[in-house]
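J.: Residue strings, one per chain:
There are 2 protein chains.
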Amino acid sequence: MASEVNRTAHAFDKTRFEALLNRRFFYAPAFEIYGGVAGLYDYGPPGSSLQANIINEWRKHFIIEEHMLELDTTIMTPSPVFETSGHVARFADWMVKDTKTGDVLRADHLVKNVLESRLAGHNEASGLAAAPPSEDKKRKKKGAKAAAVALPDEAVKEYETILAQLDNYTGPELGELCRKHDLRNPDTNNEVGEPQQFNLMFKSSIGPTGQHPGYLRPETAQGHFLNFSRLLEFNNGRVPFASAQVGRSFRNEISPRAGLLRVREFTMAEIEHFVDPDNKNHERFSEVKDVVLVLLDRHIQESGGSTTVNMSVGEAVEKGIIANETLAYFMARIYQYLIKIGINPERLRFRQHMGNEMAHYATDCWDAEIHNASGWTECVGCADRAAYDLSVHAARTGAQLVVREALKEPIVTEKEVAEWNKKVLGKTYKADAGVIQQIVDAMDELELLRLKGELAQGEAVIKSSDGKEFNLTPDVVTIERKTFKQSIREYTPNVIEPSFGLGRILYTLLEHSYWSREQDVERGVLSLPPLVAPTKVLIVPLSAREEFDPLIKEVSSKLRRAGVFSRVDDSNTSIGKRYARNDELGTPFGVTLDFASVQKGTMTLRERDTMDQRIGAIDEVIAVVTELVFGNINWAEACRRLPAYDGKQDVD
Amino acid sequence: MASEVNRTAHAFDKTRFEALLNRRFFYAPAFEIYGGVAGLYDYGPPGSSLQANIINEWRKHFIIEEHMLELDTTIMTPSPVFETSGHVARFADWMVKDTKTGDVLRADHLVKNVLESRLAGHNEASGLAAAPPSEDKKRKKKGAKAAAVALPDEAVKEYETILAQLDNYTGPELGELCRKHDLRNPDTNNEVGEPQQFNLMFKSSIGPTGQHPGYLRPETAQGHFLNFSRLLEFNNGRVPFASAQVGRSFRNEISPRAGLLRVREFTMAEIEHFVDPDNKNHERFSEVKDVVLVLLDRHIQESGGSTTVNMSVGEAVEKGIIANETLAYFMARIYQYLIKIGINPERLRFRQHMGNEMAHYATDCWDAEIHNASGWTECVGCADRAAYDLSVHAARTGAQLVVREALKEPIVTEKEVAEWNKKVLGKTYKADAGVIQQIVDAMDELELLRLKGELAQGEAVIKSSDGKEFNLTPDVVTIERKTFKQSIREYTPNVIEPSFGLGRILYTLLEHSYWSREQDVERGVLSLPPLVAPTKVLIVPLSAREEFDPLIKEVSSKLRRAGVFSRVDDSNTSIGKRYARNDELGTPFGVTLDFASVQKGTMTLRERDTMDQRIGAIDEVIAVVTELVFGNINWAEACRRLPAYDGKQDVD
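Protein chains in written order, with the numbering used here: chain Y, 29 to 680; chain W, 29 to 680.
Okay, chain Y solo, but in the shape it has when bound (with noise of 0.2 Å):
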């Protein structure tokens, strides 16, 4: 039977949960010896591996499981594109300068930091909340901690009102804010002058000559608008389809110090799905209809408050609360593949952008956030950004970003229309031909029957608007009725489109995986899925005796084979030591070849949660191992499989 285990004997405690990635090199400060860079961060070989398994689970959860349409597309952009979008107008953070160190900090983190420190310095003098553990020195010193101060009531509830609806401040609401509460830099306590604007993109120059400028990327989704035709094509003129993409993107974030939670460089993974506007239906929302989601909607939090439900996104769609099933649809696939790789589900949640915080090309947007030790962070966003963007890069280009529809049942419309016999026309009329054309042409179908009434008898007399009269006859006009055919629809198709951060997922994912062994604090664990686990199996030898060695190297083949991913520590420790190591790591399972191994062909093999070891031939134990690493069964399962390992080596 499998052991039980505690994961929650002690607190999380960021501080050593940090320490942890840090020395096992999950990432690192990139330029470190160079003093670092804010916002730049490096993956050493466990992030590394932990990335690329959130990105290859990605692209099988949405490209193959959807036949998307991959893209790679370049980062550096001309700078006209990005004006098109709006990116160089309004891609922008609000900045304030403290107006004595010319230090700059972001608007609205200034406001949120200020507030939540006077709220707490509140809750802790009215005793409502113990004083928060003692910060490192290094913090305290930058004054992010208020005092205890108990506030009036009012202002708690205006605070409380002020962060529920923090994103959807102007940059002069923002400055107005700050007047009006006096919020102050932390770090200096001087005032901060008014809210500017600082654009996010990295500027450069392409070519030799300077006379060409470029940015860097900001998201990936210019790329498949870009490509919006050659897509089409690809996809035999078909809508709907979504083209993705797996990619870097930059922004020169104001003064970023969350870790890798707002970063200048990032990897991101963008769908841009392209759709009929007139009908967001998917065809395969009765697969998903039945997920249940924790949504918090705008009108909750425009009103102040952040209550969530639980609801179905089928139940969401009918009552109106998530704005279309294709939106849902993926809002649901993005759950299925956050909690497949191993996100708590209770520490996630959708939550509806307000008016003015949604980007200048959305029409609605839910992020999906997930809860840690620094709050709620977006994480996905999933927005219908309607037809803006292959409109605005259209009407720029010239370039025909449509679909055309052959239409099952053309459209069959009559009406009346004019037919000229030119040569009489020009004839009689010489220099007031055109004039008399153009009122024709001009006419609604009403005045079109009239005229033909009075040509009917003979002769009628049209009028220009500077009031010259002309006669007409029907030999120079007459009116007919036609049939006209419309056998194909064009249409600019709307956008739903998620958009992944990739940092963000697996920072909160190895948040959600830490914890310490009951026994000892010290002794951290990540029990990441061994979906995503960077190894899915250690191979400890016993001593790094050479009679080993053909042993490790079956094991290891067999296990190649089997298409399972594993390394071997025999490094100069214990065994005990290695397995730590390891558990830190996120390795979920090991196995130990002992001197029994070389004599009868057994193989231990350790769950990495409960420690438990069993024991069994070396075929044996492949096989169990191999359908855990796929998730066919659960440990419990493996202790039924293969009998409790005693400790003892059964040698000679």
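Each hint should be verified, as a subset may be incorrect.
For identical chains, the list gives no copy identity; a pair is met inside one copy or between any two copies.
[What the hints assert, rightly or not] Simulated crosslink set (SDA-like; lysine to any residue; CA at most 25 Å straight-line):
1. Lys88 to Ala387
2. Lys450 to Phe498
3. Lys88 to Ser31
4. Lys347 to Glu111
5. Lys605 to Asn263
6. Lys451 to Ala434
7. Lys513 to Val596
It is worth saying that the hints were derived from the structure and are not from the lab.
Start from chain Y and add chain W according to the hints.
T.: Just chain W now, kept in the frame of chain Y:
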């Protein structure tokens, strides 16, 4: 029996080939609807898949096979890093300006284009070669082609010598060549100015203040070096080991015109293998020593020649042609990788860099060059960067980028050492005590022995550099022979760097894979190996009738479970057209579902190159095609297992 295929019925036609790649959206100019930007390309669905498969195989062949440590480091890099690495000062190309239009050209490309064009004109005039095939109007207008003028013998010889050592000229030498041979801008026939250096890094600025210049990395390598200490620790302090990274890099090329072969943004795969400078042997060299490569060494080139030799890497190391085993090991592994993904071994050679050609950090370098319509193109560089990078970063930052190796046999040394009685020294000499100590500390072994002898006599006299004399007695100092034991060796490792340009490999692979059907030059085929083909199996239902749906799902899911990536083509055209489209996409196998499939459970299997069709029960065909895709059997064997299909549907 498998049919014979004639792949060389038609000469390679670059225009037709590029039209195919464009039509099937392997790649296309980025920002095409905005008029494009030279040197920037987007990969469409088949190009993205092909690239992903090439990368996937690279990971298996190098990272997994050799237990390399994968990294994912940032592209945006603060200026000090590239100041230290030498890139700010030296990562530049020589450009010349058209004296009248101001157009900018790369100096070495100008020399190459004009001289090659003159030689071609000479050959034409001498009847040595037919006139080149007619070029498109745009090129003709640009005047790249010189008139058919015969040249004196010595000019022909001089031009050929210049071309053979083109990469070895400095900027001023290129300027000298332009003046001496009157080399002008072929587009305008204007003279060009003196060569000037143009730094190839894209520049930007990090953060909102504009005070922190940054560059987009031109290679991923610095990210490895800066993380060296962390990597070493992750590897339990052991050397040799290798780090590896796949990622984007950027070079602001002066005037790129060669499609995917010269671009401003590209995906690279780089390995940094850290090795003991005193022992560059490789543990696994014996596995590759018999691999025969085509080598073009630097001496041949420096004497103006281009004759290659075929030699095993074992022999090349023995003869000192390749500097060491590790370099040679990677050259052989690079060769094996390129052949595996489908590069034609007869169009692959390894060329050694000449003295002036080498990057500023390299001590030896071999390029894997792949032949294509543009000539020989560097696709992989394999350089010995020695200790350059780690040394300069350590010197600049003070970080200890070294290996500390416990010596198996401690090194024991004996030497004479002065032992002071500090108390007596201070009391006796007061302010002079420091000077006296300095004098003795600066003495070498011989002087110490003389001093020892004198002290043994009771007293010694020493002299400071400014002539002051001091008397020393044994109560102040004695000289004793002591034993020292050094158990740690400290050294800066050397780096062997295989660096892959994936876009160039992808392009040349496509060129090597392309041919036209004997019976119709317009019917192009890309014979990509199944290992890298974007889609492995095409599923073709005879018609779009609903009765095929369950079968399509069954076949798709069975292939997916077998690990074979398939696509369904149910578009509204004939089966023949669907297969022709997929021949252009490089899909190696196709299965057709017809009415016999529904009634009798049979399916036909088609092979791309031969267009042979076989038939069998659905499960049997799936088993055969799976073995084909994984390379376990070839088509001839498949033909032995499945009977030929006579083209008639066997339905009741």
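J.: All the hints need checking, so say for each whether the structure fits it.
T.: Each hint tested on the structure:
1. Lys88 to Ala387: Classified as neither: same-chain Cα gap 29 Å, cross-chain 41 Å, threshold 25 Å.
2. Lys450 to Phe498: Cα proximity of Lys450 and Phe498: one copy only (16 Å, versus 127 Å across).
3. Lys88 to Ser31: Cα proximity of Lys88 and Ser31: none, with 33 Å in one copy and 36 Å across.
4. Lys347 to Glu111: Answer is neither; intra-copy 38 Å and inter-copy 60 Å both fail.
5. Lys605 to Asn263: Classified as between: cross-chain Cα gap 15 Å, same-chain 54 Å, threshold 25 Å.
6. Lys451 to Ala434: neither (38 Å within a copy, 105 Å between copies)
7. Lys513 to Val596: neither (72 Å within a copy, 34 Å between copies)
Figure legend: structure checked against the earlier numbered hints; hints not met, in rising order: 1, 3, 4, 6 and 7.
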